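S.K.: Chains as they are written, first to last, in my numbering: chain A, 12 to 104; chain B, 12 to 104; chain C, 12 to 104; chain D, 12 to 104.
If you are wondering where the hints come from, they were derived from the structure by calculation, not from laboratory data. Note that the coordinates shown come from a computational prediction; the quantities given were computed from them, not determined experimentally. Mixed in with the good hints there might be a few duds.
It does not matter which identical chain is meant; a pair holds if it fits inside one copy or across any two.
Below, in silico cross-link-like pairs of lysine-lysine (DSS-like), each with a Cα-Cα straight-line distance of 27 Å or less [said to hold, decoys possible]: (1) K24 - K73; (2) K58 - K24; (3) K58 - K19.
4 protein chains.
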Amino acid sequence: MRGYSGDKDVYLKRLRRIEGQIRGLQRMIDDDEYCIDILTQISAATKALQSVSLGLLDEHLKHCVAEAVAEGGDAAEEKVREASEAIARLVRS
Amino acid sequence: MRGYSGDKDVYLKRLRRIEGQIRGLQRMIDDDEYCIDILTQISAATKALQSVSLGLLDEHLKHCVAEAVAEGGDAAEEKVREASEAIARLVRS
Amino acid sequence: MRGYSGDKDVYLKRLRRIEGQIRGLQRMIDDDEYCIDILTQISAATKALQSVSLGLLDEHLKHCVAEAVAEGGDAAEEKVREASEAIARLVRS
Amino acid sequence: MRGYSGDKDVYLKRLRRIEGQIRGLQRMIDDDEYCIDILTQISAATKALQSVSLGLLDEHLKHCVAEAVAEGGDAAEEKVREASEAIARLVRS
Chain A
12 MRGYSGDKDV
22 YLKRLRRIEG
32 QIRGLQRMID
42 DDEYCIDILT
52 QISAATKALQ
62 SVSLGLLDEH
72 LKHCVAEAVA
82 EGGDAAEEKV
92 REASEAIARL
102 VRS
Chain B
12 MRGYSGDKDV
22 YLKRLRRIEG
32 QIRGLQRMID
42 DDEYCIDILT
52 QISAATKALQ
62 SVSLGLLDEH
72 LKHCVAEAVA
82 EGGDAAEEKV
92 REASEAIARL
102 VRS
Chain C
12 MRGYSGDKDV
22 YLKRLRRIEG
32 QIRGLQRMID
42 DDEYCIDILT
52 QISAATKALQ
62 SVSLGLLDEH
72 LKHCVAEAVA
82 EGGDAAEEKV
92 REASEAIARL
102 VRS
Chain D
12 MRGYSGDKDV
22 YLKRLRRIEG
32 QIRGLQRMID
42 DDEYCIDILT
52 QISAATKALQ
62 SVSLGLLDEH
72 LKHCVAEAVA
82 EGGDAAEEKV
92 REASEAIARL
102 VRS
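Model the full structure from these sequences, guided by the hints.
M.R.: Rendered as structure tokens:
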């Protein structure tokens, strides 16, 4: 069980949709579609991926981090450090 | 023919790899893998998508925009405006 | 007292440096310096601001959120929700 | 003369406003204001900086790059390469 397990189907559905967008991008390039239209599609896929990240991170803070903090000790500190590093990677990507 | 047509195979290969990463993310969620590991994978896929964007945009400026500018007239202005809008979408996504 | 209070001087020093970068940008524009050099400076100031954000957020999770979670109840949930929204704003800016 | 010279006053005014936001952030930290409110202000300043970047880049493409391309030769290629690198820095910051 993970923080996101309750919404597993939602996340899988969103990722399948993103997979479809990436396949669509391959078709667009194969068909020599206009660069700007391809860029617009990539922006849409990037936003969709970001939104999956933000959802998972929220669940992670709500469940995994909160539980570790409630239990206290070193594990809590480690969980927060790990979450902060994941946020930094998200912000910088 | 598009600005990116010479590197079509390179872009298709990179997108197929990103498609594989998105499928990998679905497997990770299906297997209840650890949230932070999933976030790390999403950051990697996002960076790979961004890098495809930056490559396509560079080709677009080099070829499509440069040609329109060389020909002059309203088409040139329109191409630059369109490129600026695509850049804004990239920066904000 | 806030999560960041122990490092107040560090954050103030970093913000004063960023203020100096913004004043430097005004001088560059006033002196008609080259666009690309100005853009490079803006990227540097943006990264410095982002790094202040990530530091404050880490302190916030470590102190404010962790305390609220340890106390339990609705306040904890509210703190996590608030933090997630702040992260979303950071990622999207 | 630069691409942005016609709008110099507009850019200077926007940067002075951003400078004021950065000074406001210092006051907020000095007054121990709430972390999340500070993060909201940093997001606003970051967006304002980004918007200055996008404006300058648009002017740069419209004037400097377009002129170099119209003149042709190696200078044009160099200008496009330089612009693409600046865009990559913006997207990744």
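S.K.: One pair to classify: K58 and K24, alpha carbons no more than 27 Å apart. Within, between, both, or neither?
M.R.: Both. Shortest intra-copy (15 Å) and inter-copy (22 Å) distances satisfy the 27 Å Cα cut-off.
S.K.: Since the copies are identical, ignore which copy is meant and state whether K24 and K73 lie within 27 Å (CA to CA) inside a copy, between copies, both or neither.
M.R.: Within one copy only: 22 Å inside a chain, 33 Å across chains, cut-off 27 Å.
S.K.: At most 27 Å between C-alpha atoms: does K58 with K19 qualify within a copy, between copies, both, or neither?
M.R.: both (19 Å within a copy, 24 Å between copies)
Violated hints for the displayed structure: none, as all numbered hints are satisfied.
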